[in-house]
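Trainee: Listed below are the residues making up each chain.
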Amino acid sequence: MPIVECGYRHDDHERPDDVLVVWGPTIMVSIGFDPDYQYENNEDGTHPKSQITQVPALIDTGAGVSCIDDALAKNIGLPIIDRQMVSGVGGATEVNTYLGHIYIPALDFTQWGQFMGALLTHGGQRHQALIGRTLLRNSLLVYDGREGQVKLAQ
Amino acid sequence: MPEAVKVLNEEIQAFEERLEEFEQYYKGKYVVIHGQDLVGAFDTLDAAAEEAVRLFGKGPYLIRRVGGPLATLPASVVMHPVQHADS
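If you read the sequences in order, they're chains A and B. Residue numbers for the first sequence follow my numbering, beginning at 1 and rising by one. Residue numbers for the second sequence follow my numbering, beginning at 155 and rising by one.
Mixed in with the good hints, there may be bad ones.
[Unchecked claim] A few chain B residues that face chain A, going by a derived Cβ cut-off under 8 Å, partial list only:
no.	residue
1	Leu162
2	Val185
3	Ala203
4	Tyr215
5	Leu227
[Claimed, not checked] Straight line, CA to CA, 25 Å or less: simulated BS3-like cross-link-like pairs of lysine-lysine:
no.	chain 1	residue 1	chain 2	residue 2
6	B	Lys160	A	Lys74
7	B	Lys160	B	Lys212
8	A	Lys49	B	Lys181
9	A	Lys74	B	Lys212
10	B	Lys183	B	Lys212
11	A	Lys74	A	Lys49
[Unchecked claim] Ranges of calculated distance between the beta carbons of each label pair, as one might list FRET restraints:
no.	chain 1	residue 1	chain 2	residue 2	range
12	B	Gly221	A	Asp11	48 to 56 Å
13	B	Thr198	A	Gln154	19 to 27 Å
14	B	Leu173	A	Gln51	27 to 35 Å
15	A	Gln84	B	Gln178	19 to 27 Å
16	A	Gly123	B	Asn163	32 to 40 Å
17	A	Leu140	B	Asn163	17 to 25 Å
18	A	Val142	B	Asp191	48 to 56 Å
19	A	Glu147	B	Ala158	41 to 49 Å
20	B	Gln190	A	Glu147	53 to 61 Å
21	A	Glu40	B	Phe210	30 to 38 Å
22	A	Ile52	B	Thr198	43 to 51 Å
23	B	Gly221	A	Gly123	27 to 35 Å
24	A	Glu94	B	Gly221	26 to 34 Å
What the hints contain is simulated information worked out from the structure, not anything from laboratory work. The structure displayed is predicted, hence computed values, not measured ones. All C-beta atoms in this analysis are idealised placements derived from N, C-alpha and C, irrespective of residue type, glycine included.
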């Protein structure tokens, strides 16, 4: 079972438990849309071509669905397939919905489907994607806040 | 407004104009609309997306679940703290 570390290491400036509080569990992902890839029949060890790699994504257990930064989705040309009203703590708002994939190289795992376009970098967040519970439903997540370590296994 | 968004807005309008019909015949299914035309109704998003991509590549096209629940935006998106300029 592949396991990836999504927490932080000790360095000279910051404690990993403090960094984990500020930034949250983070994993590097690739994002894109590959119309030639067979997303549903991908048992041959291949993975889809991504338009961008090494994108920091927040593992967000508070999110039902996964999201991609709206500006990033536009920049890499993900197909926009809907605009819909969504509810949130601030009330209802309209967001774009894109077709694409999030690929996690460390786990060799691909989530394909629709993703909400969220205003992440526009709002000052450093993450460009949110990994929600739909992606985590087949995963094991261990959060050690004392040590600033988070382990994700598929 | 980008051309793709303009076309998508027209497809959303076409969806809303036929909503009563869709709710009668396709409730719970994912419909694909291209231009003013209903391409098909599918049991899963995967099936709808696969057909849309096969026919139209990157689009634009609308894929929407008929009678689907209102999506919820994660709190982390709408509640991100912003540091005050003076602090």
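Trainee: Now tell me, hint by hint, if it's right for this structure.
Mentor: A quick look at each hint next to the structure:
1. Leu162: Check passed: Cβ of B/Leu162 comes within 6 Å of chain A, closer than 8 Å.
2. Val185: Hint violated; B/Val185 Cβ to chain A Cβ min 11 Å, cut 8 Å.
3. Ala203: holds (6 Å)
4. Tyr215: Nearest chain A Cβ about 7 Å off; hint holds.
5. Leu227: Holds. Min distance 4 Å.
6. B/Lys160 - A/Lys74: With a Cα-Cα distance of about 15 Å, the restraint between B/Lys160 and A/Lys74 holds, given a limit of 25 Å.
7. B/Lys160 - B/Lys212: holds (15 Å)
8. A/Lys49 - B/Lys181: violated (34 Å)
9. A/Lys74 - B/Lys212: holds (13 Å)
10. B/Lys183 - B/Lys212: The given pair, whose Cα atoms are some 21 Å apart, holds under the 25 Å limit.
11. A/Lys74 - A/Lys49: Between A/Lys74 and A/Lys49 the Cα gap is close to 17 Å, so the pair holds against 25 Å.
12. B/Gly221 - A/Asp11: 48 to 56 Å: holds (51 Å)
13. B/Thr198 - A/Gln154: 19 to 27 Å: Once the Cβ atoms are compared, 22 Å apart, the range 19 to 27 Å for A/Gln154 and B/Thr198 holds.
14. B/Leu173 - A/Gln51: 27 to 35 Å: holds (34 Å)
15. A/Gln84 - B/Gln178: 19 to 27 Å: holds (21 Å)
16. A/Gly123 - B/Asn163: 32 to 40 Å: violated (24 Å)
17. A/Leu140 - B/Asn163: 17 to 25 Å: violated (42 Å)
18. A/Val142 - B/Asp191: 48 to 56 Å: holds (49 Å)
19. A/Glu147 - B/Ala158: 41 to 49 Å: holds (46 Å)
20. B/Gln190 - A/Glu147: 53 to 61 Å: holds (58 Å)
21. A/Glu40 - B/Phe210: 30 to 38 Å: Since the Cβ atoms of A/Glu40 and B/Phe210 sit about 18 Å apart, the hinted range of 30 to 38 Å is violated.
22. A/Ile52 - B/Thr198: 43 to 51 Å: violated (27 Å)
23. B/Gly221 - A/Gly123: 27 to 35 Å: Between B/Gly221 and A/Gly123, where Cβ atoms are some 31 Å apart, the hint holds.
24. A/Glu94 - B/Gly221: 26 to 34 Å: violated (19 Å)
When held up to the earlier numbered hints, the structure conflicts with 2, 8, 16, 17, 21, 22, 24 and fits the remainder.
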